[in-house]
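Given next are the chains, with one letter for each unit.
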Amino acid sequence: MDGVHDLGGKEGFGPIDVNEPEVPFHHPWEGRMWAIENLTAAPDWTIDWWRHVRELIEPVDYLTRRYFDQWMQTQTAALIDSGILTLEEVISGGVVSARTMTGSPMQHHDVIAMVAARAKDYSHQIDVPPMFKEGEEVRARLMGATGHTRLPAYVRGRVGAIHAHHGAHVFPDASARGEERPEHLYSVVFRADALWPEASGRAEKVFLDLWESYLERP
Amino acid sequence: MASFIADRIVEIHRQLHDHLPSEPALRVKALESILVARGLIDSRTIDAWVEAYSEDIGPKRGAHVVAKAWLDPAFKARLMADGAAAINELGYLGDATSHLHVVENTAEVHNLVVCTLCSCYPFSVLGIAPNWYKTAAYRSRAVRDPRGVLAEFGVVIEDTIEVRVWDSTAELRYLVLPQRPPGTEGWNEARLAKLVTRNSMIGTHRDLTPKTGEAA
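So the protein sequences, as listed, match chains X and G.
Numbered by the working numbering, the letters in the first sequence go through residues 1000 to 1217 in order.
Numbered by the working numbering, the letters in the second sequence go through residues 71 to 286 in order.
Just chain G, with the same shape it has in the complex (with noise of 0.2 Å):
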């Protein structure tokens, strides 16, 4: 049972600060191998949710609702209506993605996303988040300079293009559906899933192009 008690938090994190290993693999190491010899995790079990998380749970999913969204004006519209539901019909439903919300650039309008609090990210459809997301430099500065932050991602933002910024502080989690490049017409959805870059679903990469698959 947790006791909620944030002063008794306080000294433990005192405690480990002080005594832990500086390095953390060996910090890492050490809470697993106790974790094993008192038989509560298996680390051939930590090795498959490794490798679930390097290979399957990915952009890739992400990529494909985008590429789905794009020639399928139905599922987009229910995509748009209510995420989860939509990317439950692809399975990706799952871990932290039950109040999934899709925001779409336009022509008008960029979206960028950030969790200023802590570092929210949709899981189940976008895998693990980039480091940069759960960094001070991006969780400050998105909401404060989202445009120089773009810029740093070479994303540079015409002044009549709206710029909305999606701080995650609820359970609500956000994917950007970004526009669909020129030059696509008559791409199959694998094709067009290709072009689709993580950091396009996050809103740090605006202008996908019929190369951006080959460059990733």
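Chain X on its own, in the form it takes in the complex (with noise of 0.2 Å):
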């Protein structure tokens, strides 16, 4: 989707806050959302719809209010998509049928056990051979896609080179409607003078992920 959220390379944002205090929540707030989007989900939901529910936010909101505030958009809205809210309710603060959570709350070591079994392998192995080999020149495709997507504006049109092939992995844009179809999944990397106008002789890379259907010879 071109939204808000496909920054990379966008121009205007001023400078980075390098002095902000190191500790993990800056707000009580901030730790009770983190925990409550860890603790609260549809079975249905994937990691992409989820990223497609948070990129819907209204744009100011999407540019102008904290990472965890996003999240209480985000979390709120895909709760009330899934049936688990009402609009009605969380907009008014009442509960329509209250009960009683059952069961012990979980302690420290449920959580740490809790966030190690988190690990979840979005590789998958597929029949359809690769159709690019390490070192091969491709281009990403200028054309981009609606809906949910992980093929960021910056690198469309560009040409890079595969630096690596990772296998196949759930493609992000069928993931977001749901479905689980894997593509083979690469490491492609541009030099900075392909990507920015003023990057003329410069030499840094930028890596980026791909899926294959991302990509094409140029």
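If you're looking for bench data, these hints aren't it; they were derived computationally from the structure.
Just so we're clear, the structure is a prediction, and the values are computed from it rather than from any experiment.
Keep in mind that a hint or two might mislead.
[As the list claims (entries may be wrong)] Heads up, simulated DSSO-like pairs for lysine-lysine below, C-alpha to C-alpha not over 30 Å straight-line:
{"no.": "1", "chain 1": "G", "residue 1": "LYS204", "chain 2": "X", "residue 2": "LYS1009"}
{"no.": "2", "chain 1": "G", "residue 1": "LYS204", "chain 2": "G", "residue 2": "LYS99"}
{"no.": "3", "chain 1": "G", "residue 1": "LYS264", "chain 2": "G", "residue 2": "LYS99"}
{"no.": "4", "chain 1": "G", "residue 1": "LYS146", "chain 2": "G", "residue 2": "LYS130"}
{"no.": "5", "chain 1": "G", "residue 1": "LYS146", "chain 2": "G", "residue 2": "LYS281"}
{"no.": "6", "chain 1": "X", "residue 1": "LYS1119", "chain 2": "G", "residue 2": "LYS130"}
{"no.": "7", "chain 1": "G", "residue 1": "LYS130", "chain 2": "G", "residue 2": "LYS281"}
{"no.": "8", "chain 1": "X", "residue 1": "LYS1132", "chain 2": "G", "residue 2": "LYS130"}
{"no.": "9", "chain 1": "G", "residue 1": "LYS204", "chain 2": "G", "residue 2": "LYS130"}
{"no.": "10", "chain 1": "G", "residue 1": "LYS281", "chain 2": "G", "residue 2": "LYS138"}
{"no.": "11", "chain 1": "G", "residue 1": "LYS281", "chain 2": "G", "residue 2": "LYS204"}
{"no.": "12", "chain 1": "G", "residue 1": "LYS264", "chain 2": "G", "residue 2": "LYS130"}
{"no.": "13", "chain 1": "X", "residue 1": "LYS1119", "chain 2": "G", "residue 2": "LYS204"}
{"no.": "14", "chain 1": "G", "residue 1": "LYS138", "chain 2": "X", "residue 2": "LYS1119"}
{"no.": "15", "chain 1": "G", "residue 1": "LYS204", "chain 2": "G", "residue 2": "LYS264"}
{"no.": "16", "chain 1": "G", "residue 1": "LYS204", "chain 2": "G", "residue 2": "LYS138"}
{"no.": "17", "chain 1": "G", "residue 1": "LYS264", "chain 2": "G", "residue 2": "LYS281"}
{"no.": "18", "chain 1": "X", "residue 1": "LYS1119", "chain 2": "G", "residue 2": "LYS281"}
Quick one: dock chain against chain with the hints and give me the complex.
The structure is reproduced here in structure tokens:
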């Protein structure tokens, strides 16, 4: 989707706050939102659907609200969409059918174990052989995709080279629609001077992980 | 069940934007209250999550990985070959690290990690990402002007050093292996780990010194 989330190379965002305190959460509500996001979901959500819900936040909110505030917006919208909460109860603060959670709360060691159990393998074996080889030149397709996609605008139409083949991974454009469709994934390297008008002669390299259908032979 | 319909989400976002309190603290409190009242979450469980990510699950895990790699060439070889398997030896495999890829800084190469499309970060080995990592400023500029970004962090990279930027566009996550500082010969793992800064594992810090641990 051609949204404001696709930030790579966009200009005008100014300096980085390099002196922010090195703490995980800057406000108590940030830590609570992190936990809520980790503890509430519908079974059919995919990471790409969740990312898409975040990308669909009103553009002004996306660019101005703090990260965990965006998570609040994303999680709430996804919970409402899945029928876990209703829009009315979120807006009014009144709950239609109150009930008490049963069972004991999680302890510290339960959290450590749950984070470890979250290791999720996105790779798949597929029968189709990879189309590109290491070292081969490729062009990122100029045409993007509506809906969720992980082909950033700043590389579209640009020529790079295959740095590595990662095997096949779940294809995000389909995963955001709830479909599991693995496709070959590559690390693709672009030289800075192939990406930016002011970078003539600059040798920095930018590596992206791109799926096969995002690429073509130049 | 999710609808997977973008227009539906856009409408929900609009309603939330128009009707929720203006303060994020109040918005999150309202959400927590509803989830508790509906029996979907226990506030004490939220407390446990905040505590775990404030204490155990954070950059000290990554620093342990780095110090071990400096001391143990066989571990380093395994880490470079399969980052996920290597951190699993230390119990750190988990959320967002199943496809962990370690990139090594050398005298000739400096690595910098970003996620331009969202804010991907290897949670189970580095904890919560810094806020700056998730801002539009960092996400937009890291791929376009990495040396300028590094200079803002006080890192000046000589022209002869190649800068490699890793944009986390898939489920691979990147961890920078910084260079071991000179003057640390004979140090043990715990002492070395104290020198490893969070930013050095993202790439916005380069030259660790025997003093960096004391400053942090």
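### Task
Verify the proposed pairing of LYS130 of chain G with LYS281 of chain G, using a straight-line Cα cut of 30 Å.
holds, 17 Å
### Task
Mind checking the alpha carbons of LYS204 of chain G and LYS138 of chain G for me, to see if they're no more than 30 Å apart?
Measuring from Cα to Cα gives roughly 29 Å; hence the hint holds.
### Query
Are the Cα atoms of LYS204 of chain G and LYS264 of chain G separated by 30 Å or less?
holds, 25 Å
### Query
Keeping to a limit of 30 Å between CA atoms, is the pair of LYS1119 of chain X and LYS281 of chain G held or broken?
It is violated: about 37 Å lies between the C-alpha atoms, which goes past 30 Å.
### Query
Is it true that the CA of LYS264 of chain G sits at most 30 Å from the CA of LYS130 of chain G?
Distance of about 8 Å is within 30 Å: holds.
### Query
Is LYS146 of chain G close enough to LYS130 of chain G, meaning Cα to Cα at most 30 Å?
holds, 17 Å
### Message
Given the hinted pair LYS1132 of chain X and LYS130 of chain G, is their Cα-Cα distance within 30 Å?
### Response
Answer violated: LYS1132 of chain X to LYS130 of chain G is near 38 Å, above 30 Å.
### Query
Going straight from one Cα to the other, do LYS1119 of chain X and LYS204 of chain G come out at no more than 30 Å?
holds, 23 Å
#### Entry: Restraint check for LYS264 of chain G with LYS281 of chain G, where alpha carbons must lie at most 30 Å apart
holds, 9 Å
### Query
Straight-line Cα separation of LYS204 of chain G and LYS1009 of chain X no greater than 30 Å?
holds, 15 Å
### Message
Need the status of pair LYS138 of chain G, LYS1119 of chain X: alpha-carbon distance at most 30 Å?
### Response
holds, 25 Å
### Query
Can the restraint linking LYS146 of chain G and LYS281 of chain G be considered satisfied, given a maximum Cα separation of 30 Å?
holds, 24 Å
The earlier numbered hints that this structure contradicts are 3, 8 and 18.
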